[in-house]
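**Q** As given, the protein sequences belong to chains A and B, one line each in that order.
Following the numbering used here, the numbering of the first sequence begins with 1 at its first residue and continues without gaps.
Following the numbering used here, the numbering of the second sequence begins with 1 at its first residue and continues without gaps.
It is worth saying that the hints were derived from the structure and are not from the lab.
Quick caveat, the model's predicted, so the values are computed rather than measured.
A couple of the hints might just be wrong.
Here are the simulated DSS-like cross-link-like pairs (lysine-lysine), alpha carbons at most 25 Å apart as the crow flies [claimed, not checked]:
hint	chain 1	residue 1	chain 2	residue 2
1	A	Lys42	A	Lys308
2	A	Lys29	B	Lys274
3	B	Lys274	A	Lys308
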Amino acid sequence: MRRVIPTVAVMALMAVFGFAIYSMLGTLKSNRHNSQKPTQTKALIDLPGTIYVVQDGSIYSLTNLTFTELKAPSYDWVQVAPGPDGDILAVAYSSMYSNVYLLSPQGQIVRQLLSESSTQYFNNHWAYYPRVSPNGSTLFYASDWVDPDSAYNVDFQIQAVPFSNTATYPVIWSESGLYYQGGDVEPIPLANGALIYTKYDISDQPNTPQQGDTYGQLAYVSTPGAVPTLLTTPAEDCGEPALSPNGTEIAMVCTQNTAQTTTLDVASWNGTSLGTLVPIASGPLPASPTWSPNGKSVLYLNTLLTDKSSPFQLWWVPKATSKKPGTPEQVTAGVNFTATSAPIWTA
Amino acid sequence: MLVAALLVFGFGLSGVGGVVAYFLPAITAALNITGHATQGGTGKHPVATPSTSPVTSSSQPITVLLLGSDNDTKFEADAVLTQTMILVRINPQTKSVVMFSIPRDLWVEIGDTQSYAKIDAAYSDGGAAEAITTVQNNFHVAINYWVWIGLGGLVHVVNDLHGVNIVAQMPILDDEYPYDLSGNNPYEQARVAILPGPQRVAGVAALEYVRSRHGDVLSDIARSQKQQQLLLDIKASANDVGLADVPNIASSLGDSMKTDMSVTQVTSLLPLAKALGNGDVHQVVMVGEPYFGSDYYPEGVGGPDALQPNWSAIHGLVAQYFPTA
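Start from the sequences and build out the full structure, keeping to the hints where you can.
**A** Here's what the structure looks like:
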């Protein structure tokens, strides 16, 4: 008996030791790409005003280094955009369709702007990239158009409805190629009533870019359905345009036809043509730029500079001056913002 | 002295037990995944004779036929179409990789059967052996190994990596995407919308990205481009994977991966895979003329939507990237 108890105790200790080794190995799992809710983190640099971002279907505001989750209904939210009177446009998506809502800054639904769901399978639609015209009268967005002769052929096109009566039949601003190119997205309504958007296409040329390459080009139309003026080249492959508050510059994301990296570029805009693209942030994957309210800097999403496979964080870059080049600064860490949802930045 | 030795032995044994228990799923999966014989499936032409070329030195370039399939209930297990066929040439000396996509709709002689079909039917018809014979005969390239991946496994691996970053080159809209990995009806459809630009996607979205083909005029060719891109994105994410992550990933792969490579051969390639930068990987996708006829043939040369090969142009391209010497 004197030996049994110590023996059992030692064997129990051995079992515990084995289990501890098993458990310890579990703690060695790579967690570099685990992310936290923004509300569990603090911003790394203090940017003035309020910033709205999206992560995992929820909308967060960032003020004075602190994130707050908006009390929006439990939809899957993406693509916030500035609305009238400080309200927020946002897309709620499901597996079959997406709707557009006007939310208060706290997240309450002010009203539903677009309803794209249907009990008929092919009458469901997507509505993305909502934008209100500068005078507040018109809601622009990208919606899918299906070729009546081929249900395979679905492309985005830019549509617009009066903001006061969004249930009316939309005006078609850009008829996309209607031939499997992906179509037209990311509308920017201009103060003069014209529109900038991103037009996607597929090269049928054997040279640059290579035949079969897909690319985006910024396009400009002055009236609905007009033939667009293309502002960037296929080789530049640009999209996600953001107009500066004074309307004289456009920030955009370009791939230069490299599928694996992007750059954040800025070009001057005189109302009809675009100046030379100037990169202000290079690699690995800058996305979804937004101008600061004073137009002196750009907020965007990007991975860690040293880890292209890491989740997307907020980054900020001041515009270069003649005295000082802009240097990107990381605004957040440990989160995983939705990179196809450009942030809103209000004063 | 004896007691001390027994104690050390006992604690050592229990520690080893803990390690074995932790890695047991990986060991089991590794044994399930690797070392499969190159033989036919349950189709019309099951082949029993291994037909891969032997590798004689560790510095010799090796060519792997990567096969990807739906592994849903539309098909019998082991008799599925291969929606993905990529020849991967790994050159240990130059530390470089070539990825060469084979369009699934290519109209070819299947194996040695003297009957013609789309090339994606080869695996369904006669398993890995017939797929290898078909590719070797038609493309004039020697294949050393094969790897088959079920698309469901891809979803789990991407989820285990906490997602991968992609750059969607265009909006992808598909109203008739096959909704066959969940639910009871393998012919059910789903609506898919993938927005353009850089983004982080989880497993299901990653699969939608590489699998959707209806909303693209280049159809399967565009899908080949996206598949190669996703493989590189997965490799970038997998660079962060440590030894302790292996059991989870191995369990996820489960029945969704098979290869004739041994565990040792797979292990020997991992350091090279980790060291590769994107610049070391050459992606080849054949687009339009001169490799194919002017377009898909709606009624096909005996089959719907088949792609007619121009072998002289294709063989020239293959010789460029898969030299025999």
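**Q** The structure should be examined with respect to each hint, and the outcome stated for every one.
**A** Now the hints, each set against the structure:
1. Lys42/A to Lys308/A: holds (22 Å)
2. Lys29/A to Lys274/B: Distance of about 18 Å is within 25 Å: holds.
3. Lys274/B to Lys308/A: holds (14 Å)
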